[in-house]
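Which chain is which? The protein sequence lines are D and Y, in order.
The numbering used here applies: residue 1 is where the first sequence begins, and numbers increase by one.
The numbering used here applies: residue 112 is where the second sequence begins, and numbers increase by one.
None of these hints come from the bench; they were simulated from the model.
Don't take every hint at face value.
To be verified - Now the stretches of chain D that chain Y is said to cover, found in silico as 3 or more residues with beta-carbon under 8 angstroms:
no., segment
1, 14 to 21
2, 24 to 34
3, 44 to 53
4, 75 to 84
As the list claims (entries may be wrong) - Between beta-carbon pairs, the in silico distance windows are:
no., chain 1, residue 1, chain 2, residue 2, range
5, D, ALA84, Y, GLN171, 44 to 54 angstroms
6, D, ALA84, Y, LEU200, 44 to 54 angstroms
7, D, VAL67, Y, LEU565, 44 to 54 angstroms
8, D, GLN37, Y, PHE160, 15 to 25 angstroms
9, Y, TYR194, D, PHE100, 40 to 50 angstroms
10, D, GLU81, Y, SER155, 28 to 38 angstroms
Every residue gets a Cβ at the ideal spot worked out from N, C-alpha and C, and that includes glycine.
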Amino acid sequence: MKKQKKADLLQGTLELLVLRLLRSGSLNGWDIMQRIQIVSGEVLSVTPGALYPALHRLEERGLVSAVWGVSENNRQAKFYELTAAGRKQLEAERATWERFTGAVAAILRDA
Amino acid sequence: MLGRLKRRLRALLHKRAMERELDEELRYHLEREIERNLADGMNSEEARFAALRSFGGVEQAKEQCREARGVRLIEDLWKDLRYGARMLLKQPGFTLVAVVTLALGIGVNTAIFSVVNGVLLKSLPFPEPERLVVLSETSKDVPDMSVAYPNYLDWRAQQTVFENMAARMPAGGVLTGDGEAERITGRWVTASFFPTLGVHPQVGRFFTDEEDRPGAERVIVLNNGLWQRLFGGDPQVIGRVLQYNSESWTIIGVMPAAFDFYGQNNLNNDFFIPLNRLSDQEYMLDRSSHPIEVTARLRPGVRLEQGSTELRAIAARLSGQFPESNSGNGVNLRLLLDDYVGDVRPALLMLTVAVALVLLIACANIANLLLARAAARQREIALRMALGAGRWRIVRQLLTESVLLAIAGGTLGLLLGAWGVSLLVKLDPEGLPRVENISLDGRALGFTLLVTLLTGIVFGLVPALATSKANLNDALKEGSLRSSGGASGWRLRATLVVGQVALSLMLLVGSGLLVKSFWQLMQVDPGFDAQGVLTLRLRLPDAKYREAAQTTAFLKEVSRRVEALPGVQGVSVTTGFPFGRAGENGYWVEGDPEPRRPGDWAVANTQSVDENYHKSLGITLLNGRYFAARDTADSPQVAIVDDEFVGRHFPNSSPGDVLGKRLRFGGEGEPWREIVGVVRHVRQNNLDEESHPGIYRPWTQINPKSVADFTRAMDLVVKTSGKPVNLVAPIRREVQAVDKNQPLGNVRTLEDLMARSIAPRRFSLLLLGVFAGIALLLGAVGLYGVLSYVVTQRTREIGIRIALGARTRDVLNLVIKYGMTMALTGVAVGLVAAFALTRLMQSLLFEVSATDPLTFVLIALLLLAVALLACYLPARRAAKVDPLIALRHE
């Protein structure tokens, strides 16, 4: 039960990160995982057990779409790309997130 | 939106392809991971292992991906249904018990709901029936009586709340014509009767106000039944003439076939004739005579209470205006539907509660079975959870199983209910109105479906929650030790059993109280001997029998001829008899203050009888004499009273002292009568109702002004030595030998009439008895089931005890004590609940308190005895446990 709750907390953030990473082009699950690690300077890491269900949820909600394509190592892989709705959702969530972190940062700095 | 639908459809239809894609996607990920590990210098074995470890649970991830797609619910449901069906079929014993239990519970609910629906809920077959009301008069002593015609006219003139008002009165007489004379009954109704109810003729028209007054041409409207019977439904019947009571009535219209006022099978249902024709008759002009019934339609938007308020004000004005007749009189309004069903509402509500309790007991039973089964399924469920199924998922699966079970039970229950309904309708219980409305209609089907689904959730939810709560590790461990679900599981099961016992007890106490009421009723002495008594009505047409001399001659001749028939022990001609027609009259005992207002008169049941009446009915003479042939119109006026009369007016005298005292009836020109005899009191209408004192007079001494009216409608009471029905044909022959146009009406045996008067009680007693029996059975089975399970689970422990020297008795005691603790707790809870609940059925009881201690104690003992039996069987099995086998049990 408890584990579930923690995942719920992370879910929104993970989805936001995925949407942001897909803005610059289509990626497969493996790529997304690597990028989160690299871009965050190894601070954030995500397990496949959390990532893939998140991808499927986003697809289900119509925020990303998936196509099968050829990967860099010449194999069939499932690539995700942002849909128009996904783009809109990203902007909205990003604004929310920035307001939120800005507020937290302000309190941490000045209070 | 459309895209999502398409994806879902695709997911459903191409499940395989979707699964393959998911596999593929995750495999790609793993391979990339392995590649990287290899690149980092691991060997292939290490690389694979590290990749899998970093991935986490592959199956869980898959499950969550599937969950992320919306199709899960539908897909799971289908899977759960198939799985559930497999599980149920794998355990046919359990399934059979559960389905039969449910079918009983749901079946009785379906049947009783159909009755409640047909009788109480379905609206009456008139437009906007909720605006139809019934008006009756009230007096100081009588809460509810028919209406005086002048009062009706004043109400009608002064009121503003009704759209329309109508009066009616029973009519009956002889139809003569081509065939044999026939007795028909109908209604005198005002022209406003039809628009008030909102009916339209099937053929022809209804009568107008012009035709509804004294001296107008005689017109008649036929009911569909009579029209079909006499004319085969011929529409050309309009304008034809009927010979009714030796007068010519022109047929002007036919009621619609569906017309149903107070039940199609009711009497007075053959025809309608204009009531206001009688408006110049003396008894119609008299405010102290109450011959008519009044129905009215409220104006749209006017509430019943508003109507009541206004009518009460009018009645109060009339009381002031006509104190002689109306002082203390009021008016009572109620909805037509309430008037239809008034009496049966409490009985139906009681039965509704009873079947709800039966269903609850059935639910508890099955919940317990499921709990026991769930304990055995701990491992399977733990395994499923280990493989990634969430708790909600498990609950859903278990609930699907129980709803599936409920649907099977509900289907069988529906059949059972349909059978019950047709049985009930066929029984056509006396006193149950609107029986023809009772059917298993759409509403009843919907109700059954709802109850079925609810039932499935109610009995399934607790076990499902309890089972899925189980800690994974513990369950797997416990399962291996064959343990039984822990202490909380036991408490739950014991609670269910206690609840079942308590509910059964409540039902049993309820039916016990009804049984005792019925027993008390059977002990009531009616005051007469109904055995072998045949009764029938002779209604002589006014036109042919104008003079008292004619009616008297006819009655004497009929009486003489019938008396001579073989098998006849006595014949009496009378204006009425107990359980048949009752007459009420005000009277005044000499020496008491003179009555000045209607409320001052004492009320008696009065019959005008001949000299054979008391002997024929076996009414015991306590003192003085019966009437005799010498009591004629010209001899001294006499009366016979009963011991109830003596007790009321001369409480300190013996019956003998009353002889020679005088009394007179209310009404102009009534003479003083000398009391010449005292007889036993007789119950008039019902065994369970105290009746007024009885006063008899010889019908030869009825006021000469009205003797002809009285004697045109007399009852013949025939005491026979054999089967009364065998005499119907000979009596008809004798009657028609005197007047060939004279039919016999209302042919009944007195025993039959008495049986009818208690039929409603017998009916609710029978039903509640059946329900209580089912409850007892289910309760006992529940107790037995749980104890059997305990014994099985504790075989090892019992074996050890026996091995350590416990005797058979010790083991029996152990198990029985455990079971009886539950039973006793249940009985205690049930007694308290029954104590609170049976008050609600007080109106259904007779000479029994709703908290009758004897019934409570006896029923508790009965239930405990059954519980003991239910405990004994598993206990004996426990006592026979072979310690060697028991210890090897694991």
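Verification of the supplied hints:
With a cut-off of 8 angstroms between beta carbons, the segment 14 to 21 of chain D has 0 residues touching chain Y; three or more are needed, and the interface restraint is violated. Counting residues of the segment 24 to 34 of chain D whose C-beta sits closer than 8 angstroms to any C-beta of chain Y gives 4, which meets the bar of three, so the coverage hint holds. By the rule of at least three residues with a Cβ nearer than 8 angstroms to a Cβ of chain Y, the coverage given for the segment 44 to 53 of chain D holds, with 5 such residues. Residues of the segment 75 to 84 of chain D lying with their CB closer than 8 angstroms to a CB of chain Y number 4, which satisfies the three-residue condition for coverage.
Checking the proposed 44 to 54 angstroms range against ALA84/D and GLN171/Y shows it is violated: the Cβ atoms sit about 33 angstroms from each other. Against the hinted window of 44 to 54 angstroms, the Cβ-Cβ separation of ALA84/D and LEU200/Y comes to about 51 angstroms, which satisfies the hint. Checked against the given bound of 44 to 54 angstroms, the beta carbons of VAL67/D and LEU565/Y, roughly 47 angstroms apart, stay inside it. At roughly 21 angstroms, the beta-carbon separation of GLN37/D and PHE160/Y lies within the given 15 to 25 angstroms, and the hint holds.
Range check, TYR194/Y to PHE100/D: about 45 angstroms between beta-carbon atoms, so the 40 to 50 angstroms window is met. About 34 angstroms separates the C-beta atoms of GLU81/D and SER155/Y, a value consistent with the hinted range of 28 to 38 angstroms.
Hint violations for this structure: numbers 1, 5, all remaining hints satisfied.
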